[in-house]
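Asks: Given the coordinates of chain A, work out where chain B should sit on it, guided by the hints.
Protein chains: 2
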Amino acid sequence: MEKYINPEYSILSDLCIRPSTDNPVVRERVDKIITRVKEGGDAALRSLAEEIDGSAPSCLECKSDEFTFAENAVSDSVRKAIAQAAQNIEAFHRAQLPETVEIETSLGVRCIQKAVPIQRVGLYIPGGTAPLFSTVLMLAIPAKVAQCKEVILCTPVSRQTGKVASEVLYAAKYCGVDKVYKVGGAQAIAAMAFGTETIAKVDKIFGPGNQYVTTAKQLLGNKYVAIDLPAGPSEVMVMADASAVPAFVAADLLSQAEHGADSQVILVCDSESIAEGVQAEIDAQLRQLGRSEIASRALENSRIIVFNGEDSRSRMTDFANLYGPEHLIISLENPWEIASRIISAGSVFIGNWSPESAGDYASGTNHTLPTCGWSRAHSGVNIDSFIRKITFQELSQDGLRGLSQTITAMADAEGLQAHANAVSIRMGKSSL
Amino acid sequence: MEKYINPEYSILSDLCIRPSTDNPVVRERVDKIITRVKEGGDAALRSLAEEIDGSAPSCLECKSDEFTFAENAVSDSVRKAIAQAAQNIEAFHRAQLPETVEIETSLGVRCIQKAVPIQRVGLYIPGGTAPLFSTVLMLAIPAKVAQCKEVILCTPVSRQTGKVASEVLYAAKYCGVDKVYKVGGAQAIAAMAFGTETIAKVDKIFGPGNQYVTTAKQLLGNKYVAIDLPAGPSEVMVMADASAVPAFVAADLLSQAEHGADSQVILVCDSESIAEGVQAEIDAQLRQLGRSEIASRALENSRIIVFNGEDSRSRMTDFANLYGPEHLIISLENPWEIASRIISAGSVFIGNWSPESAGDYASGTNHTLPTCGWSRAHSGVNIDSFIRKITFQELSQDGLRGLSQTITAMADAEGLQAHANAVSIRMGKSSL
Chain A
1 MEKYINPEYS
11 ILSDLCIRPS
21 TDNPVVRERV
31 DKIITRVKEG
41 GDAALRSLAE
51 EIDGSAPSCL
61 ECKSDEFTFA
71 ENAVSDSVRK
81 AIAQAAQNIE
91 AFHRAQLPET
101 VEIETSLGVR
111 CIQKAVPIQR
121 VGLYIPGGTA
131 PLFSTVLMLA
141 IPAKVAQCKE
151 VILCTPVSRQ
161 TGKVASEVLY
171 AAKYCGVDKV
181 YKVGGAQAIA
191 AMAFGTETIA
201 KVDKIFGPGN
211 QYVTTAKQLL
221 GNKYVAIDLP
231 AGPSEVMVMA
241 DASAVPAFVA
251 ADLLSQAEHG
261 ADSQVILVCD
271 SESIAEGVQA
281 EIDAQLRQLG
291 RSEIASRALE
301 NSRIIVFNGE
311 DSRSRMTDFA
321 NLYGPEHLII
331 SLENPWEIAS
341 RIISAGSVFI
351 GNWSPESAGD
361 YASGTNHTLP
371 TCGWSRAHSG
381 VNIDSFIRKI
391 TFQELSQDGL
401 RGLSQTITAM
411 ADAEGLQAHA
421 NAVSIRMGKS
431 SL
Chain B
1 MEKYINPEYS
11 ILSDLCIRPS
21 TDNPVVRERV
31 DKIITRVKEG
41 GDAALRSLAE
51 EIDGSAPSCL
61 ECKSDEFTFA
71 ENAVSDSVRK
81 AIAQAAQNIE
91 AFHRAQLPET
101 VEIETSLGVR
111 CIQKAVPIQR
121 VGLYIPGGTA
131 PLFSTVLMLA
141 IPAKVAQCKE
151 VILCTPVSRQ
161 TGKVASEVLY
171 AAKYCGVDKV
181 YKVGGAQAIA
191 AMAFGTETIA
201 KVDKIFGPGN
211 QYVTTAKQLL
221 GNKYVAIDLP
231 AGPSEVMVMA
241 DASAVPAFVA
251 ADLLSQAEHG
261 ADSQVILVCD
271 SESIAEGVQA
281 EIDAQLRQLG
291 RSEIASRALE
301 NSRIIVFNGE
311 DSRSRMTDFA
321 NLYGPEHLII
331 SLENPWEIAS
341 RIISAGSVFI
351 GNWSPESAGD
361 YASGTNHTLP
371 TCGWSRAHSG
381 VNIDSFIRKI
391 TFQELSQDGL
401 RGLSQTITAM
411 ADAEGLQAHA
421 NAVSIRMGKS
431 SL
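Protein chains in written order, with the working numbering: chain A, 1 to 432; chain B, 1 to 432.
Okay, chain A solo, but in the shape it has when bound:
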């Protein structure tokens, strides 16, 4: 981790730069995969699986015996964990369900805003080194709370076993996912965006993935299908002062660093001694990590920034908002005073007893969050992500009369005569 002491204002935005992930070769490959799936449907999914993974599953959809196998394979401790995590995630997302808004803006003019669930949502769960079944909970639970009509899930099979990870299948069934398909990579995203013989087209796609998956989401998103969030590598910022425990801070930074070599972790603190204490703890803990090589590479993208002196709290806060971290841990004295001034972050963790991993799994907040500074414009996944808000208006005859001069004056000034006429004709005088 590179260390910066009281960096000049002019370089602060450089310190917000994330590791680059743009890769034209990936883009070109994904483009071809998309075209094949769009044109070839199921057959293209099969031939792509054979080319990329070496073999294609005999049936794309997971059947009941596979769910039964998975249920038996999952340990009691994981089942209990899923149950507790699910309860908290459900409670917090249920509390977010919006009320219908209804007001009379003028006499006889009723305006209503009503939430309606998105009908068909598609979840993508990566395979890879570890089966991320926690993401199944984070996406399927709010989808069900929002009452989406159909929730499907695509995930690759393991190259070793030829099966979907048992935890993923178990979590999918536990959360009420309607169908699980054994399709991974960019081809899964394309299949959900366009539909195939087996996989019905969805209205919105959610979920993380490797470069191929995120490139497919980027290429297809808002052209053929809606997507949850623009994607990027995961990141955490920890703000620390003398009230922080260096061993805890180091553990939090490492828990983010182990996600991937392109992760970024940032420590912002108010003294060099804390920086040194945390660095020493990182060195000690890192050696013992199973994924130490991945974490080490992530630490190369990472930074320690010390703002010491009188206005250090303000400068730390301003930098946090400039960076807009996906995860922000506030290990400071009086953390809520700082938290109240945070205007750009995905999810915020307050004090010494709120590690990022609590939010990653079980506190109830969502772990699908804006990375790469997208927190400046995007929320993390929340109940809103699974609904649309439709507006309704009903004017009485008097209500329309009360607005008629306003509407016709504006329509005339915009040169839209037919707009004016739709009112005039109702007032008994065509303006044509």
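Hints in this document: simulated from the structure, not taken from any laboratory. There could be a bad hint or two in this list.
Under the rule of at most 25 Å between Cα atoms (straight-line distance), these lysine-lysine pairs were calculated in the BS3-like manner [what the hints assert, rightly or not]:
no.	chain 1	residue 1	chain 2	residue 2
1	B	K32	B	K223
2	B	K223	B	K63
3	A	K80	A	K114
4	B	K429	A	K80
5	A	K223	B	K32
6	A	K389	A	K114
7	B	K429	A	K114
8	B	K144	B	K114
9	B	K80	A	K429
10	A	K223	B	K38
11	B	K38	A	K389
12	B	K223	A	K38
Listing some non-contacts, in silico: residues in chain A with all C-beta distances to chain B over 12 Å [claimed, not checked]:
no.	residue
13	L12
14	V25
15	V26
16	K38
17	D53
18	T68
19	F69
20	R94
21	L137
22	K204
23	D241
24	A261
25	S271
26	E272
27	W353
28	I425
Just so you know, even glycine gets a beta-carbon here, dropped at the ideal spot from N, CA and C.
Replies: Chain B only, in chain A's frame:
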């Protein structure tokens, strides 16, 4: 308008097809414009204005004398209209402001979801044949209600006068827009996405535009900047039965048709006699419209669909949901019964006294709405469009202890040892 009587189920999705707008030539030109603005900043904006519009404004930003000129140029009736419309729009959007959500998901585990305004938003207002100052109200008012810190606006000058339309400038000042820039087209979108010497980069871009503008939003959106909605030509569907007034229905269809030659209007009704009555009224009213040529061309993309027989109300409703119209007018007996079953639409107009133009200007609902079937996944612009929701969590030591087994079990099963350790180390036992 082509007429379909009880179309087969199998062709219904064909009847939802919108006029195509994909144009590779436009895309290529926009790509070049984007690169020039990204690299050249203000100088590129000037040279593009000279090339495309024949001349560049001496100063990109509108100054106080221009606002004063505009204020004097706007008629009293338009000022009054803006004041009444603004009041309704503000009231309805203010009613949508979300409350902070706070719950204790487990003992000692507090989860909070708080709305924070997007800091810098950029609005685009097209020039063209008519100055769409109503869109200034629809975008700037919710931005101010949400308390966005800076609201800027780009709009082209008129080729005739070399000035920004007075109504646009007046409305911008009335709504509290911070800065107005005389830049139009794809170059305005690029300028707001990347920033130039004069125009500060924004976090999110809102607003309609021609093919160049919408292509620029599509190319830059969710790569360099957030955007409001995927764009497409405007559309209306009217559902009508014997309770509808054919002259009103025709006026509503024409008010949409006059927007542009690529607009689409759809009449869905339960008898051929209504279809004929509306068609006759369209013919009569069309002849008298100033923009009759545009409207006529839009009518060529348009359809009348008759579902008669016993289950006509259900079939009309199903088709409305399949089409997912931007604007939906329900001119039916007992309209709320149908409205309660609408799950895909941007904004819905109930009964005979609620023309689309009421919502376009003054009822209080927003007129920036999802087109092209995007209502299946997107809301129209509303207060949520100008905020982000940040989550916060605070666990007490006991709160973390209560979740510790859950978190470590899940982290272990996902192979993420450092995630588990961030909890174990706080529980006094490192898991490394």
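Asks: Run every hint past the structure and note whether it holds.
Replies: Going down the list of hints, with the structure as the test:
1. B:K32 <-> B:K223: Roughly 17 Å between the alpha carbons, so the hint for K32 of chain B and K223 of chain B holds.
2. B:K223 <-> B:K63: Given that 25 Å is the threshold and the Cα spacing comes to 32 Å, the pair is violated.
3. A:K80 <-> A:K114: 36 Å, violated
4. B:K429 <-> A:K80: Measuring from Cα to Cα gives roughly 22 Å; hence the hint holds.
5. A:K223 <-> B:K32: 21 Å, holds
6. A:K389 <-> A:K114: 5 Å, holds
7. B:K429 <-> A:K114: Measuring from Cα to Cα gives roughly 49 Å; hence the hint is violated.
8. B:K144 <-> B:K114: The given pair, whose Cα atoms are some 18 Å apart, holds under the 25 Å limit.
9. B:K80 <-> A:K429: Between K80 of chain B and K429 of chain A the Cα gap is close to 22 Å, so the pair holds against 25 Å.
10. A:K223 <-> B:K38: 23 Å, holds
11. B:K38 <-> A:K389: Answer violated: K38 of chain B to K389 of chain A is near 35 Å, above 25 Å.
12. B:K223 <-> A:K38: 23 Å, holds
13. L12: Its Cβ never comes within 12 Å of chain B, the nearest being 15 Å, so this holds.
14. V25: 18 Å, holds
15. V26: 15 Å, holds
16. K38: 14 Å, holds
17. D53: Nearest chain B Cβ is 20 Å from D53 of chain A, so the label holds.
18. T68: Nearest chain B Cβ is 19 Å from T68 of chain A, so the label holds.
19. F69: Non-interface label on F69 of chain A holds, nearest chain B Cβ at 17 Å vs cutoff 12 Å.
20. R94: 9 Å, violated
21. L137: Answer for L137 of chain A: violated, closest chain B Cβ roughly 9 Å.
22. K204: Violated, since 5 Å does not exceed 12 Å.
23. D241: 17 Å, holds
24. A261: 14 Å, holds
25. S271: 22 Å, holds
26. E272: For E272 of chain A, whose nearest Cβ neighbour in chain B is about 23 Å away, the distance exceeds 12 Å, so it holds.
27. W353: Violated, because the least Cβ-Cβ distance between W353 of chain A and chain B comes to about 5 Å, which does not exceed 12 Å.
28. I425: Violated: least Cβ distance 5 Å, not greater than 12 Å.
Taken one by one, the earlier hints fail for this structure at numbers 2, 3, 7, 11, 20, 21, 22, 27 and 28, listed in ascending order.
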